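Go ahead and model the full structure; you've got the sequences and the hints to work with.
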Amino acid sequence: MVKFQCSIAINLVLLQCLLALVASQSFDFFYFVQQWPGSYCDTAQSCCYPTTGKPAADFGIHGLWPNYNDGSYPSNCDPNSPFNPSEISDLESSMQKNWPTLACPSGDGQTFWSHEWEKHGTCSESVLDEHAYFETALGLKQKANLLQALKSAGITPGGSYSLKSIKDAIMEAAGYTPWIECNKDSSGNYQLYQIYLCVDTSASKLIECPVFPKGACSSEIEFPSF
1 MVKFQCSIAI
11 NLVLLQCLLA
21 LVASQSFDFF
31 YFVQQWPGSY
41 CDTAQSCCYP
51 TTGKPAADFG
61 IHGLWPNYND
71 GSYPSNCDPN
81 SPFNPSEISD
91 LESSMQKNWP
101 TLACPSGDGQ
111 TFWSHEWEKH
121 GTCSESVLDE
131 HAYFETALGL
141 KQKANLLQAL
151 KSAGITPGGS
161 YSLKSIKDAI
171 MEAAGYTPWI
181 ECNKDSSGNY
191 QLYQIYLCVD
201 TSASKLIECP
211 VFPKGACSSE
221 IEFPSF
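Letter 27 of the sequence shown, counting from 1, is numbered 27 in the numbering used here, and no numbers are missing.
Keep in mind that the hints were calculated from the coordinates and are not lab data. A couple of the hints might just be wrong.
As a list, the in silico DSSO-like pairs of lysine-lysine whose alpha-carbon atoms are at most 30 Å apart [what the hints assert, rightly or not]: (1) K205 with K151; (2) K54 with K97; (3) K205 with K143; (4) K119 with K205; (5) K54 with K184; (6) K97 with K167; (7) K151 with K119; (8) K119 with K97; (9) K205 with K164; (10) K164 with K214; (11) K214 with K143; (12) K184 with K119; (13) K143 with K184; (14) K184 with K164; (15) K167 with K54.
From a predicted model like this one, the values you see are computed outputs, not experimental measurements.
As structure tokens, this is what we get:
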């Protein structure tokens, strides 16, 4: 009987170890995505500024998204870990500056951040708790200063530029190949909307992307003012 109980205990420990291993390997890399507010707003749908006021004319964080090498991604991984604003109260002012909401109706960012944590962040809990998730994304934005990278290459808001020149400028500054997502303005012209960079599973360093999302831009795209 004692031997049987020991066997059950050992099997349970092995099962827990296996589940922990699976959890720790539940994704292959992160997409770190920043969006240009001028392009978000310059569409037929338009935008609403946050209740805290118009954001700065800078790229804002969209999210830090766990992904698989085959192009798919996990989502809404832990319904028992809802967004808790008190967990990031010390980050709130930085979040409002670097991770502003532009959705309508106007908000303070809480709905946006809640969506990002619950859909994407909970899938990285083996690496990052809620506070670490948002703090890490804020740190990555400082590492990947996209606006400065583009300005250093003579690419400034209000002009039209080749897609290649934009990619080259970011690669020169970040050291890794970006993926550019375009949207269309109210006249149907392609414009620089979002920039994706890839991050390793520890969320500590940029890497080359194992796979890029699907989508298309024209060879020449607008970089609208904001």
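Checked hints:
| no. | hint | in the structure |
| --- | --- | --- |
| 1 | K205 with K151 | 23 Å, holds |
| 2 | K54 with K97 | 10 Å, holds |
| 3 | K205 with K143 | 9 Å, holds |
| 4 | K119 with K205 | 22 Å, holds |
| 5 | K54 with K184 | 22 Å, holds |
| 6 | K97 with K167 | 25 Å, holds |
| 7 | K151 with K119 | 33 Å, violated |
| 8 | K119 with K97 | 22 Å, holds |
| 9 | K205 with K164 | 24 Å, holds |
| 10 | K164 with K214 | 17 Å, holds |
| 11 | K214 with K143 | 25 Å, holds |
| 12 | K184 with K119 | 26 Å, holds |
| 13 | K143 with K184 | 28 Å, holds |
| 14 | K184 with K164 | 18 Å, holds |
| 15 | K167 with K54 | 28 Å, holds |
Checked against the numbered hints given earlier, the structure breaks only hint 7 and satisfies all the rest.
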